[in-house]
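Number of protein chains: 2
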Amino acid sequence: MEIPSSNLQEIECEINREYSVQCRKDNNEVYLPFSFIQKYFEVYGEFENIEGYEKFEFSHSYSEVHHPPDVIRPDGAFMSFEHYNVEIRKRVKCITAVEGVPISTQWEPAGHYYPIQIAQFALSHYSKYLKEGEPDQIPLLNSERDVGMWLKGGNVNIKSVWSKTRRSQVVEFQSSDSLSNAGFYTMMKETSNFAVTFDFKIVSNGSISLTLKNDAVTFHLHYVFSDTLITCDGKNIYYGLGENRRGDWIHFARDADMDLLKGLSLKCSKYRKLGRLTLLGITIRGHGWLDNVTVSSAAHMDHFFNAANWFVTHQDSRGGWPIMVTRKLISGVMELQPGWYSAMAQGHGISTLVRAYLKSKNTVYLRTAINALKIFEISSAQGGVKARFANSYNWYEEYPTTPSSFVLNGFIFSLFGLYDLKEIATGEPLEKVTQLYEEGIKSLKAMLLMYDSGFGTFYDLRHVSAGLAPNRARWDYHTVHISQLLQLSKMEDEPLFTRTVKRWQDYMKGVRSPHN
Amino acid sequence: MEIPSSNLQEIECEINREYSVQCRKDNNEVYLPFSFIQKYFEVYGEFENIEGYEKFEFSHSYSEVHHPPDVIRPDGAFMSFEHYNVEIRKRVKCITAVEGVPISTQWEPAGHYYPIQIAQFALSHYSKYLKEGEPDQIPLLNSERDVGMWLKGGNVNIKSVWSKTRRSQVVEFQSSDSLSNAGFYTMMKETSNFAVTFDFKIVSNGSISLTLKNDAVTFHLHYVFSDTLITCDGKNIYYGLGENRRGDWIHFARDADMDLLKGLSLKCSKYRKLGRLTLLGITIRGHGWLDNVTVSSAAHMDHFFNAANWFVTHQDSRGGWPIMVTRKLISGVMELQPGWYSAMAQGHGISTLVRAYLKSKNTVYLRTAINALKIFEISSAQGGVKARFANSYNWYEEYPTTPSSFVLNGFIFSLFGLYDLKEIATGEPLEKVTQLYEEGIKSLKAMLLMYDSGFGTFYDLRHVSAGLAPNRARWDYHTVHISQLLQLSKMEDEPLFTRTVKRWQDYMKGVRSPHN
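Protein chains in written order, with numbering that gives the first Met the number 0: chain C, 0 to 515; chain R, 0 to 515.
Misleading hints may appear alongside valid ones.
Since the list gives no way to pick one copy over another, a pair counts as held whenever it fits inside one copy or between any two copies.
What the hints assert, rightly or not - Within a straight-line C-alpha distance of at most 20 Å, the following computed EDC-like cross-link-like pairs (lysine to aspartate or glutamate) qualify:
id : residue 1 : residue 2
1  : K441      : E422
2  : K38       : E13
3  : K266      : D226
4  : K151      : E376
5  : K54       : E13
6  : K501      : D226
7  : K272      : E438
8  : K508      : E41
The set of hints was computed from the structure by calculation and includes no laboratory data.
These figures come from a predicted structure and were not determined experimentally.
This is chain C alone, in the form it adopts within the complex (with noise of 0.2 Å):
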């Protein structure tokens, strides 16, 4: 509809007698441009076109809140994990080949392990088995019967053998090392299903590859006996599955999708683009024996317990899994040296075993969650976790600096951490597990609404403990503080918990706490 012109004029708004914009006046209203709404007050807004009927979309934040399970078991889904996938963020550098966790360029351009994201690679995968049930799987090599269906290099020679290790038939292999070698290998033509997992062992220099194309390029992914993480050259990227595992028997599990995405984002590839991929082969070379060979849609419970595995390995005298970058959360003010421990990385690891245990029952993931504890009773000063808010509350530090930083969803992961082992420990650990439970949620309860700020809520509280200005949390971390609220309800009959996280839903569609 158009408008009569006539009333239509330009105004000049000038704004807090500072600067002016450009305004529309139309009688006694005036129009102010988005353009300068948007930054001023940090909104955001879209055209959408439905139907030929154009309209302006205005909304007060960008995130979504996940909701939490229905229920919240220590054998459950986390959280709402499933909608992660932590391994093709940019900061994950790639799934690592020797123990199958992702590894971090966050904040070390190198790379380091970091536990957290080491933990949510694991229950995301743990989420979202849950969620999407068993694989579909395909399987390439189970029996003597299917070597039928696989192609042989020059000089290859295959036979089926007993293997006493894993009390089965094996196929035994032997060819050339070398990766110009055809090897033994099948061909595929999978556009959906890039998950490959099998079992095997090689005692030669030998090697595992994956051929990969999209629309306009074949790659090929080599697995070999190196310590080399990662590398590339032209259209082959290499992962190393470690110098001294030859000769081990070795679960293979790989999202070829993804370990080709991570060849291309390293700066030797000239290639960027995945484009629509299939999965054209897998080829062995080398001498050794094979089993298992499938390809699947995904292979999170593989993932997974690599996960797990990685805490179970990694785990230090103190219990802890120490973080080997330096952190300046606030640089020159908040830092931390290289060996830091992080509640929430504390509390994720045990998240993680106690999910390992609960489905594997193997003892060793409930001792290694149990042992993790002890960290949370060691002060920041002393290299732990604990920090004391106005020398009355506990709280177990993400990231536990001098002065303290009190982040919050560090914290309440944390927490989380400690439900979860609270609810299948028993004895001795049961009561020490409970205590530092009760006590955060003590901590928690007193000080969850320093972190309102009225209209969104607060990162940290850098403000109170280091004098600066308050770090508002962006809104991705405000549904991460509502999504963990909502689980809190759920743990805890706790009023204050629903009644705020109520408010703090309403502050993402721009309603304020009252004012005086």
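Could you slot chain R onto chain C? The hints should help.
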């Protein structure tokens, strides 16, 4: 300038997918109506027309910051209270003619003596006095010679006599007590001097009347020996001097215009408009003595000492000024029963008494101020004003509720009182007041930024102590916080105060603290 109609269209703006407002669109810019913006974001705007050029003034906040004095001294102006006019406020019923202090209808329509209001009345007049200097004074009856300038109704006798009490010549008068009697009177046409001051003693049932007129009506203010504070009848307004003050020397100091304003605010009055006033005359009736009759532009120091004397007279055995109304800070959650003390009242009382002592050298004011410290050491639970935050920080409560409310501005005002006394006290009181002050400053440093919302301030910490929605300070309280921090920056060499006040000033222009 007119806009070509072809570019301007109506467009629907859908707000948070909840409701729509009609916007305008011009090419790719969307214009939102200010009527929506104003309500949604709590901002302000108005048209301004300067010599035919119309623009629109957009303002983030509506309040202005008043700056404290350059040097903070216990005998200096209090904050920027010279800008205040306490008695003009609707919640001041009147200035009583018994003690010359405001009586408040806040929280209790019947009226009560609110020490905070009385102190602010004192401190505003004191600060105005410092700013304005001695008022313009017109002596009307200072010596026997002036008697001839006055007029006499029927049966009035006048003579000059020696007063032993006052050690000066005074005028003795004798006439009928009746209000219909013309008495002993002077006529004038004062249009800018409305402060009438003199000393008198009346032993009969006499009275004093002031006659004022506006363009339409002639009014009479009658000051009579009654305990009824204020009442009215047609064009006559009656102030009670107190039944039992007959026969006492009384210092009369009234702002006639204010007394009339308060009279016209009564329900019993048919008249509402003050209009342009002229003070026409002063009438004295009955048998008594009279001295120093003056009209002047202001009687600031008279008002100040009336209020200071009130604090001397009404201090109770605990050193406090109990407040005799129910105060429901939050109905059913934070309530105070009549008889509560306020740290702000104690602090304001001290600031008043310290100035009265320094001006008069009368030690009763100093002793009363020192006595007022006792309440600071009694906890809220025991009927005092001392709260504890997180069992770590002492806080002097404006409203000593349970749970504690931690009102910021009242706490800081209490510190200002302690500061004033600390500057002049000696010996044991100095030790005591220094300890109270320093303990308070320590708490303030630790807790100040809990009041920082990242885009404004909180009035109190009810959200933390009672788990309720944060109580955002409206802009005029936010500017009080700013003025207080500006003053604290001058009192204490503390970078936190200077850094914070800068940010809090920026909030008034829509600047927000950073987000992560």
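Practice task
Sort out which numbered hints this structure fails and list those numbers smallest first.
Solution key: 4, 6 and 7
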